[in-house]
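Going down the list, the protein sequences come from chains A, B and C. Counted from 1, the first sequence has number 104 at position 104 by the numbering used here; the numbering is strictly sequential. Counted from 1, the second sequence has number 182 at position 182 by the numbering used here; the numbering is strictly sequential. Counted from 1, the third sequence has number 94 at position 94 by the numbering used here; the numbering is strictly sequential.
Some hints here could point you the wrong way.
As the list claims (entries may be wrong) - Short derived list, chain C residues pointing at chain B, Cβ under 8 Å:
1. M65
2. V132
3. V156
4. S167
5. L211
6. P212
Claimed, not checked - Label pairs and their computed distance ranges (CB to CB):
7. K208/A - D187/C: 56 to 62 Å
8. E79/A - H186/B: 24 to 30 Å
9. D187/C - R96/B: 45 to 51 Å
If you're looking for bench data, these hints aren't it; they were derived computationally from the structure. Small disclaimer: the values here were computed from a predicted structure and weren't measured. Just so it is clear, CB atoms sit at the ideal spot from N, CA and C, and this is done for glycine as well.
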Amino acid sequence: MLPSTSLLDSFQLSQLTTMLVIYLIAITAEAMSGALAAGRRNMDIFGVAVIAFVTALGGGTIRDMVLGHYPIGWTQHPEYVYLVIGAGLLTTVIARHMRHLKQVFLLLDAMGLIAFSLIGCSVALEHGYPRVVVIMAGMLTGISGGIVRDVLCNQVPVVFRRELYASVSLAVCLLYWLLSAWNVNHDINIAVCFAGGLAFRLLAIRLKWRLPVFSYQERWE
Amino acid sequence: MLPSTSLLDSFQLSQLTTMLVIYLIAITAEAMSGALAAGRRNMDIFGVAVIAFVTALGGGTIRDMVLGHYPIGWTQHPEYVYLVIGAGLLTTVIARHMRHLKQVFLLLDAMGLIAFSLIGCSVALEHGYPRVVVIMAGMLTGISGGIVRDVLCNQVPVVFRRELYASVSLAVCLLYWLLSAWNVNHDINIAVCFAGGLAFRLLAIRLKWRLPVFSYQERWE
Amino acid sequence: MLPSTSLLDSFQLSQLTTMLVIYLIAITAEAMSGALAAGRRNMDIFGVAVIAFVTALGGGTIRDMVLGHYPIGWTQHPEYVYLVIGAGLLTTVIARHMRHLKQVFLLLDAMGLIAFSLIGCSVALEHGYPRVVVIMAGMLTGISGGIVRDVLCNQVPVVFRRELYASVSLAVCLLYWLLSAWNVNHDINIAVCFAGGLAFRLLAIRLKWRLPVFSYQERWE
Numbered sequence: 001m002l003p004s005t006s007l008l009d010s011f012q013l014s015q016l017t018t019m020l021v022i023y024l025i026a027i028t029a030e031a032m033s034g035a036l037a038a039g040r041r042n043m044d045i046f047g048v049a050v051i052a053f054v055t056a057l058g059g060g061t062i063r064d065m066v067l068g069h070y071p072i073g074w075t076q077h078p079e080y081v082y083l084v085i086g087a088g089l090l091t092t093v094i095a096r097h098m099r100h101l102k103q104v105f106l107l108l109d110a111m112g113l114i115a116f117s118l119i120g121c122s123v124a125l126e127h128g129y130p131r132v133v134v135i136m137a138g139m140l141t142g143i144s145g146g147i148v149r150d151v152l153c154n155q156v157p158v159v160f161r162r163e164l165y166a167s168v169s170l171a172v173c174l175l176y177w178l179l180s181a182w183n184v185n186h187d188i189n190i191a192v193c194f195a196g197g198l199a200f201r202l203l204a205i206r207l208k209w210r211l212p213v214f215s216y217q218e219r220w221e
Numbered sequence: 001m002l003p004s005t006s007l008l009d010s011f012q013l014s015q016l017t018t019m020l021v022i023y024l025i026a027i028t029a030e031a032m033s034g035a036l037a038a039g040r041r042n043m044d045i046f047g048v049a050v051i052a053f054v055t056a057l058g059g060g061t062i063r064d065m066v067l068g069h070y071p072i073g074w075t076q077h078p079e080y081v082y083l084v085i086g087a088g089l090l091t092t093v094i095a096r097h098m099r100h101l102k103q104v105f106l107l108l109d110a111m112g113l114i115a116f117s118l119i120g121c122s123v124a125l126e127h128g129y130p131r132v133v134v135i136m137a138g139m140l141t142g143i144s145g146g147i148v149r150d151v152l153c154n155q156v157p158v159v160f161r162r163e164l165y166a167s168v169s170l171a172v173c174l175l176y177w178l179l180s181a182w183n184v185n186h187d188i189n190i191a192v193c194f195a196g197g198l199a200f201r202l203l204a205i206r207l208k209w210r211l212p213v214f215s216y217q218e219r220w221e
Numbered sequence: 001m002l003p004s005t006s007l008l009d010s011f012q013l014s015q016l017t018t019m020l021v022i023y024l025i026a027i028t029a030e031a032m033s034g035a036l037a038a039g040r041r042n043m044d045i046f047g048v049a050v051i052a053f054v055t056a057l058g059g060g061t062i063r064d065m066v067l068g069h070y071p072i073g074w075t076q077h078p079e080y081v082y083l084v085i086g087a088g089l090l091t092t093v094i095a096r097h098m099r100h101l102k103q104v105f106l107l108l109d110a111m112g113l114i115a116f117s118l119i120g121c122s123v124a125l126e127h128g129y130p131r132v133v134v135i136m137a138g139m140l141t142g143i144s145g146g147i148v149r150d151v152l153c154n155q156v157p158v159v160f161r162r163e164l165y166a167s168v169s170l171a172v173c174l175l176y177w178l179l180s181a182w183n184v185n186h187d188i189n190i191a192v193c194f195a196g197g198l199a200f201r202l203l204a205i206r207l208k209w210r211l212p213v214f215s216y217q218e219r220w221e
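Bound-form chain A, shown alone (with noise of 0.2 Å):
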């Protein structure tokens, strides 16, 4: 058996309080996005429950199942399932007070973008990957749980289309591989991808950034 890619396992001791605790964070609020979403479809609580958990805990199943590193992270952690559907079920009996708490929302939902990007960047480049390699598993990290959550939902997802939101993930990517590069302390190179990446994001947000949209109506095919 391959070792665990868990988080637990790819960072060092001294780093592991304060990821883990972000980690928490980004699964909880990536599992209360999914079951507002499941809950835009009129689902029951046990489709909240899976959409809850695939788009917090899918994103990381999918970089570690197209990497082939086995076993992949929650089935050697169930505490991480009961907490992502606790977190969605939980979100079904607050959901009408939650519009108070948007900013909150949006914040959780930045951070645990950027986490996910560094935790899957970090991943890959622990296994020797090429640099393209590295920076796609902190994507996927990032963003493939919430594909398959609007898949699920049977819409395009939102990740296409909305204000820079994958583009922060491939900002933070290219950042943390360009300073492991550099043999940038690690510490420091953590710290710096987060501020920055989270400033980027909050700054999207805020001046409603969007990447240039390809429109193409001809069907000549």
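Model the placement of chains B and C on the given structure of chain A, informed by the hints.
What follows is chains B and C alone, placed relative to chain A:
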């Protein structure tokens, strides 16, 4: 190479015949349900074959890919592939007569759901996974084929909205795990879970039991 | 680590150049078809890059994940990733001129379909899988990238409904397997399958050959 995780290897010989028969009924019933879903989308017969295949064998494939158990069952048992594709194509011929068989079909489908769930639990339990993973492996096997079917047919998976279906899988998996933990004889365990699950599912259909629905229409995001 | 299952390792050096050129044409053509599909959904350029990537490299990735062959090709050949993302982004610039190139594009797409199918068969055959798995590996490689593209674009996969496309893949895979079983020289086998498949596909487009459609509108379930 890891050993095959197919049904045949997962049970002692004494149980083999019964469970194999149920398994074959299960994949046949699921293949037919897939073919009908493809017909509702006016697919060609190739699409029918693909949807029949993923509905019947997709759940076990996803379970094995998530758990990293290779080779995947059907790659070692080509006869299952012929069976499900044959069942799918046959359905296109006999579909017009099938409404008279609705009751039979629902019964087969319920047997399939329960057989898949028990097989999934059994595979994961044998490999020493923690409880929540055993139960999720059972549910993955039971319901993810139907989820992929609905995604390929471009609709929100019915399992997230229909009367108790995934809940039956969950109940069966929990009961199976509980009786295993209590060291109940495996034959008796399977028989109890099967009978209990079937009764639960048929009652749910008859009495139209449903889970509470979570509706959330506010689009503040 | 298992050996890479990429194209480069699957063929003797003598065939390498021709098949590699065809493979590169294939992934480029598929990336462009993905980009056009993304444009029809008004995705941003990030979405275009993702859809180009999964359309071109998704089929091989899914085949390798199902067969458990790690590491997956593109993780060892980052240049393929740059190529397909580059081709996708380039498409956004030249799309308005592409309708004059429709014939060229359909030809490239047909070559891609056949090259993918042959590569997939070849990989599975080399690993000693049974016949039906060899053929399914070829078809998975040939068509599943396009299926994922359509799922992410929220539409029923065209491959389940279009004029003969998957059937061409099936015919090519069957012919390749048959000639292999007869110990026909591998170079000749590839050449015959390629020419035959291309003729079949171009005739199917020209004469609008389609498979029979299965329509089933009765909703008794």
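Each hint, compared with the structure:
The interface hint given for M65/C holds, since its Cβ lies 6 Å from the closest Cβ of chain B, which is under the 8 Å cut-off. Hint status for V132/C relative to chain B: holds, with the closest Cβ pair at about 4 Å, below 8 Å. Because the closest C-beta pair between V156/C and chain B is about 5 Å apart, less than 8 Å, the hint holds. Because the smallest distance between the Cβ of S167/C and any Cβ of chain B comes to about 6 Å, under 8 Å, the interface hint for this residue holds.
Because the beta carbon of L211/C sits about 4 Å from the nearest beta carbon in chain B, less than 8 Å, this interface hint is met. Because the smallest distance between the Cβ of P212/C and any Cβ of chain B comes to about 6 Å, under 8 Å, the interface hint for this residue holds. Under the hint 56 to 62 Å, the C-beta atoms of K208/A and D187/C, about 57 Å apart, fit the expected range. Remark: the range hint 24 to 30 Å for E79/A to H186/B is upheld by a beta-carbon distance near 29 Å.
Between D187/C and R96/B, the C-beta spacing of about 49 Å keeps the proposed range 45 to 51 Å intact.
Of the numbered hints listed earlier, not one is contradicted by the structure.
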